[in-house]
Amino acid sequence: SQQGEEDPQALSIQEGENATMNCSYKTSINNLQWYRQNSGRGLVHLILIRSNEREKHSGRLRVTLDTSKKSSSLLITASRAADTASYFCATRIQGAQKLVFGQGTRLTINP
Amino acid sequence: DAGVIQSPRHEVTEMGQEVTLRCKPISGHNSLFWYRQTMMRGLELLIYFNNNVPIDDSGMPEDRFSAKMPNASFSTLKIQPSEPRDSAVYFCASTLAGGTNQPQHFGDGTRLSIL
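Going line by line, the protein sequences match chains A and B. Quick note: the first sequence, position 15, residue 15 per our numbering, numbers continuous. Quick note: the second sequence, position 81, residue 1081 per our numbering, numbers continuous.
By construction, these hints were calculated from the structure, which means they are not laboratory data. Among these hints, one or two may not hold up.
Dumping the calculated DSS-like pairs for lysine-lysine here, alpha-carbon to alpha-carbon at most 25 Å [unchecked claim]: (1) A:K98 with B:K1068; (2) B:K1068 with A:K26; (3) B:K1078 with A:K70; (4) A:K69 with A:K56.
Please model the complete structure; the sequences and the hints are all you need to start from.
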C-alpha cells in the first residue's frame, strides 16, 4: 500500500493565489521530500524536511511537517502559470534508503 | 552539469520483443534507482543499486524484468518478453548514498508502448 497519500488529487486556482497540498503517511520517517513533475518530464526535487524539523522555506515554497499526525503540507505562495505541474511527496522510511512516493496532486494555475 | 540521461526517450514495440532501457547516472552518484510510472499505480520503485550492487529488487514485477549495473556510469533495465501491460514511463534516478538526506535526481524517462 502507498506510504504517502496526497490531498487533493487535483487543484485548480487563479494565478496569484496560494496553493496548498497535503500529504499523509503511515510509518516513522527520516525525512519527507516534495517533488514536482512537469508534463513529459522527470521529477524534480523541491525541498526536503527532516523528521526533527517542523517547518522549512525555500523561495515561494513553505513545507510543514507534523510527525504526531504523520502529515505534511506544501504551500506555494503567489502562484504562477509555470507552477502548473504534478506535485509528489516522498517519504524516506527509517532504516531504509528508498523513497516511497504518493500518488501526487495535479495543480493547474489559470492565468 | 549533465543530469541523469535515459535512452531511448520513446520506444514502441510489439509484444514478445525484448526491450532494453538505458540510464547514465550523474557522475559521482553511487546509488541508482529504476521506477515505473502508470496512471493506475503511480510511481513504483522496481530496483535500486548501491555501488553497482543490487540492494532491493522486491519491486521487480516478475522474472521477465532484469536490471544490471556493470559500472558506475551505466545501468540497463531489460524486459523479455515484453507484454502490453508493461506499457508505462520508466524513470531512472541517482543520488549519493552516503547520507540520509540526499534528494534523488531523475532522468526524463522512457515512454514504453507495447502493442
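**OP:** Output the numbers, in ascending order, of every earlier hint that fails for this structure.
**Re:** The structure breaks hints 2 and 3; every other hint is satisfied.
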